[in-house]
Each structure stands twice: as structure tokens, then as C-alpha cells.
Amino acid sequence: MLLPPLPTWDSLHPLVIHFPIALLMTAPLFVVLGLTIPRIGKWFHWSALLLMVLGTLGSWVAVATGEAAGELAQRTPAISEVLERHEELAELTRTFFTLLTLGFAAFLIVPLARRKEFSCKVAMAVVLPFLLLYGGAMLSLVNTAHNGGLLVHEYGVHAMLPLEALPSESE
Amino acid sequence: MLSRTLLGFVASIFLVGVAAAQSVTATVAPVLDDNLPAEAAPSGKPMTVEDVKVGTTLENLMAAFNGESNANAKYLLYAEKAQAEGYGDVASLFRAAAKAEEVHAANHAEVIRRLGGKPEAKIEKVQPRTTAENLKDAIEGESYERDLMYPAFMKVARADRQRDAMRTINYAQVAEAGHAKMYAEAAEDLVRMTDSTGQVYYVCPTCGYTVTEAEYATFTKCPVCFTSAKTFEKVS
Chain A
160 MLLPPLPTWD SLHPLVIHFP IALLMTAPLF VVLGLTIPRI GKWFHWSALL
210 LMVLGTLGSW VAVATGEAAG ELAQRTPAIS EVLERHEELA ELTRTFFTLL
260 TLGFAAFLIV PLARRKEFSC KVAMAVVLPF LLLYGGAMLS LVNTAHNGGL
310 LVHEYGVHAM LPLEALPSES E
Chain B
2 MLSRTLLGFV ASIFLVGVAA AQSVTATVAP VLDDNLPAEA APSGKPMTVE
52 DVKVGTTLEN LMAAFNGESN ANAKYLLYAE KAQAEGYGDV ASLFRAAAKA
102 EEVHAANHAE VIRRLGGKPE AKIEKVQPRT TAENLKDAIE GESYERDLMY
152 PAFMKVARAD RQRDAMRTIN YAQVAEAGHA KMYAEAAEDL VRMTDSTGQV
202 YYVCPTCGYT VTEAEYATFT KCPVCFTSAK TFEKVS
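The listed protein sequences correspond, in order, to chains A and B. Reminder that position 125 of the first sequence reads as 284 in my numbering, one-by-one numbering, no gaps. Reminder that position 19 of the second sequence reads as 20 in my numbering, one-by-one numbering, no gaps.
Hints were generated in silico from the structure; no laboratory data involved. For every residue, glycine included, the Cβ atom is placed at its ideal position computed from N, Cα and C.
When the alpha-carbon atoms are kept at most 20 Å apart in a straight line, the in silico EDC-like pairs for lysine to aspartate or glutamate are as follows:
| hint | chain 1 | residue 1 | chain 2 | residue 2 |
| --- | --- | --- | --- | --- |
| 1 | B | 222 | A | 243 |
| 2 | B | 156 | B | 52 |
| 3 | B | 231 | A | 247 |
To list a few chain B residues with every Cβ distance to chain A over 10 Å, as calculated:
| hint | residue |
| --- | --- |
| 4 | 47 |
| 5 | 48 |
| 6 | 57 |
| 7 | 78 |
| 8 | 85 |
| 9 | 140 |
| 10 | 145 |
| 11 | 188 |
| 12 | 189 |
| 13 | 192 |
| 14 | 232 |
A few chain B residues that don't get close to chain A, going by computed Cβ distances all over 12 Å:
| hint | residue |
| --- | --- |
| 15 | 186 |
| 16 | 206 |
| 17 | 234 |
Given these sequences and hints, build the entire structure.
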């Protein structure tokens, strides 16, 4: 068994979009676990940050590859409308998660720099509003994904995957 | 106690998110444009994409290049005529569309060269008629490209898996759809446009997407090719 053909940039979108969704949706669970299990909470928080960083990087790749794929999408007025909304939401989501990830990184790095942990009260005062904002970003992420799903499953807009020889329909 | 509070907090955020997502997405009505063909086939039945004579991707692009080059020349003549007749707004529209056709021709030419061909256009002599008739002619031309020619060419390019060809065809098809709509609006509103002094349009230098000044203010990136709106060319 050989590897499938290497994807081109404009065919990469369907291959990468699920990573940021899964990573960014999982990260807040680790943030909550970090608060609920204080003994090893710090490690949960660093794990959450890692998920956020990977998810956010994935969102940058998803937006860039999405634009490349969008250029090949055949348009009707309805498709254009959903595609535009998908693109706008994707950019918004990327911005949200970039800022949130930077904020959470600061939350973990500042105590290291000061060589003093935040008190439980301060940590709560930071993390609870953070989770609230994160919920808003997740809402944007879910809507972005939903519009992408509409494009593919309702309107039949597909990225073109690299293929070698395809069996013909008549065979 | 603390963990229950936190889990409840996160669960409520999630539920609010899901509810809001449903309310937002409910506004997206899946209404598909049928792209009804504008012309009738010789048999009297409406012409379909299948009735369009197609060749290879390269041949199709050569034909498209010829069509775009002729449209560019024709619209510039129509613009002069509209200006002379006092339809400044219509003249601006023709000039903007001519600019877009120039972008399409350049895009097609680039792909033709990449496929090993030589872009050549045979510019046909056109005698402009009245602006009303010129608008009608322009609507027919754009509608044909939007509904029949480019969809047929796209099928071939997709089957050939020619991404560059698909991209340039897609760019042109979307812009032509916009032109057809704007020409139709101008034709309907021609009387009001008498003695108009001209209007500002913006044309995407990458894909030829053409918009009015009001629409231009609504986006930061081209909705078709995602080029920065700052690079759009102003045509009046």
C-alpha cells in the first residue's frame, strides 16, 4: 500500500479543518480540570495551552487553505452568500482564538516570570471570564463549521482532491 | 462544590452557544439559483449547458480569451456611445465592465500560455447602436457566458482537473453574473439615467469582480478571490 497523492494547497482545506475544531473544543476542558484538580492543575493548564496553540495555528492554516479552495468553488448567489459568511466567521474565529491563546499564555507565563503563583482567588478571577470569552469564540467556531458543512452537504461545494487514475462510472 | 459550579458554568456556556448557533443558521435559507439559460436552442427548447459546443480545456480558454477581448473592445465603444447620448452612469458601467473583461482576458491568457498555447484574439468590428440596444446586447452576452458558456467550460476543466483553468473560469463567471445584473438594472432605469454625469465602480484587479461604490464599502476583501479591497481599481 502506497501513500495517497500529496495534497495541493487548494485541496488541503478538508484535510486540516477538523484539527482546529477538535483541539480548540477540547482545550477548555483542560482549563476546567486545571481548576478542579489543583494538585496537578498547572499541568492541565499547560496542556490546555498546547491544545490552544496547535488549534490556533490550525485555524490560520484552515483560513489560508479555505481561501485557496474558495477560489475554485463554483458560485451561485446562494453559495456566494454562505461562502462569504463562512469566510468572515472563519477570520473572526481565528482572531478570537489568537487573542485568547495569547491571553492564556500570559496567564501561565507571568507567574513564572514573577516566580510566584497566582492565588486561587486571582486565578479564578482570570479564568472564569476567560472561559466566558472562550465560550463566545467557540460559538463563532461552531457557526463557521456549520456554514462549511452547509457548503459541502447542502450545496455540494467540494475542494478538488489530488487523484491519480479514477475508475470510470460505466465500469 | 467548586467543580460542580465550574462544570455547570461551562455547560451553560455550551448550551447558550448551541442555541445561538441554531438561531443564526436558521437565517440561511438553502435557496439555489437555477441559472436558467437565457437563450433558446435551434429546436426551440431553452438552450442548456449540454448544448454548448466545447473543446479541450485549452481550446475553451482560447475561445473565452477571444470572447473577453472582444467584449472589452465592444464595451469601450458602447461607453463612448452612452456618454455621447448623455447616459454618463451607463458609460461608467460599460467602462468598468470593459476593465473587468480585460482582467479576465489577461487571466485566461496566462493559463493558455501555461498549457502551451498562444492567446490570440480576433477583434470583430462592432457598430454601436443606441444605448438601450447596446445594453440589451450586453445583457445577452453576459447571460450567455454566465449561464451556458462558462458552466460548460468549467465542466471540461474540472474533468481535466485543470485547477488554473477552473480558477480563471470561475473568476470570469462570477463577474459576468454581476455585470448581467447591473446591465439589467441600468436598462430598466435608463430613463432616470438621462443626463447623468457618471458613477464610480470598483474592479478587482485579480478576478474582475465589479461593484458599485456603495457595495465596495461593505467588504475588506474581494468576496470571490479574497484580494484586498484596497487594491481594487476605481473606474468612473
